[in-house]
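*Asks:* Sequence:
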Amino acid sequence: MDEKLSEEHQLESQNGVAEEGAPVYDDVQTRQILRKVDWRVVPALAAMYLVSFIDRSNIGNAKVAGMNKDLHLSGAQYNIALTAFFIPYALLEIPCNVVLKLTRPSIWMPSIMLAWGIVMTLTGIVKDFRGLVIRRIFLGITESGFFPGATYLLTIWYRRYEVQTRMVVFYATVSLSGAFSGLLAYAIQHMEGIANLGGRIFILEGIVTVVIALTMYICLPDGPATAKFLTREEKRFIITRLENETGSGEGKTTNDDKLTRRQVVEALKDWRIYVAVIICWGNTIAVYAFSVTIPTVIRDLGYSAANAQLMTIPVYVCAMICAVTSAMLSDRYKQRSSFILGSCVVAALGLIALIASPHPNYPGLTYGFLFLAASGLYSIIVPRYVGLYRKDNDARDRMTLEEIREKYSEAELVRLGDASPLWRYTL
1 MDEKLSEEHQ LESQNGVAEE GAPVYDDVQT RQILRKVDWR VVPALAAMYL
51 VSFIDRSNIG NAKVAGMNKD LHLSGAQYNI ALTAFFIPYA LLEIPCNVVL
101 KLTRPSIWMP SIMLAWGIVM TLTGIVKDFR GLVIRRIFLG ITESGFFPGA
151 TYLLTIWYRR YEVQTRMVVF YATVSLSGAF SGLLAYAIQH MEGIANLGGR
201 IFILEGIVTV VIALTMYICL PDGPATAKFL TREEKRFIIT RLENETGSGE
251 GKTTNDDKLT RRQVVEALKD WRIYVAVIIC WGNTIAVYAF SVTIPTVIRD
301 LGYSAANAQL MTIPVYVCAM ICAVTSAMLS DRYKQRSSFI LGSCVVAALG
351 LIALIASPHP NYPGLTYGFL FLAASGLYSI IVPRYVGLYR KDNDARDRMT
401 LEEIREKYSE AELVRLGDAS PLWRYTL
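Okay, so the sequence shown: first residue is 1 according to full-length UniProt numbering, each after it adds one.
Just so you know, nobody snuck in bad clues.
Within a straight-line C-alpha distance of at most 20 Å, the following computed SDA-like cross-link-like pairs (lysine to any residue) qualify:
1) Lys228 to Ile218
2) Lys127 to Thr83
3) Lys101 to Glu266
4) Lys69 to Gly124
Hints listed in this document are in silico derivations from the structure and should not be mistaken for laboratory results.
With the sequences and hints as input, model every part of the structure.
*Replies:* This is how it looks when you write it as structure tokens:
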């Protein structure tokens, strides 16, 4: 396809106006408006995701604090408790996003957060293996709706060239969560005269979750059309620029675009979804395995349980810095593949080195390899689906400008949205 056509269409989507009378802003004003959105949307989602990941992975900190001894857990039982979270979590993500379309993000997402905060708090009073598994199952049920809902909410505020930098700030809290959890676990382990230290970790972090959930009923916005922090002209501007790019009404609100059975069927028939599942599966297994075992790995190097909790913090901070830097450079140079491949290589080298190194003999070396593995693993999270969309772009390039003009009217091209032959995914 004629490259110039694609570039002209993107330029029109960025600077043009799809509807007569819609406001037009220059680049400086646009950045000011987006900055207002950034301060309201991204920090709220980042705080929620931070707590979400802490609550699902703090079982690793609790283990180092003595949970296995308190609950009389074997190694196999501990692994079963870990796995119990992910089964309902994976099965309910899609149904939860269907529910989100029928409700409002500002109600649905704080509500499920409140629910998992209560579950997390109750996890602190379990007495045996059976109770722990049941709590982990309910934690998976209640957390399953947050991640897909938060991702969807970001896409109704930002265009595709803008969303990755915002998403990486949101996703970077995954790495930062380990630092917060490790710091809290370290503080709890220094409380004298307190039994069941592992349970105290669950209780205190669960209470924090409940408090944040209650504040999100006030702080979390829905879509641009109902945002009280924007003027009428700013709302119209954000909605129009999204419509220009997608050819849909997604920017208006999360509720106005009704979900149809045909849309659900078409989504389930899209082969890219299932390939993306496999890609996500591979990266996520490594990330979760890393997050729940790093306190144990450090303790096995000869450090005390409390110091092992504290020493996880620098590893996660380094991972967050690398993830944010990688995504910002990826957006700046409009490249995805090179950054993904580079992150994969770094992660693989770190994990292989951890396996090959004689842990007790060289604790400093092993600790350094944890930084390498974390930096690679957490930098992959955002741009990991690029290969699917490069192939899709190549298929659309086969049509010439004349063929497109002959087959489609301008109105049809706009209405097709991301199915349009003019559409290109950012790689």
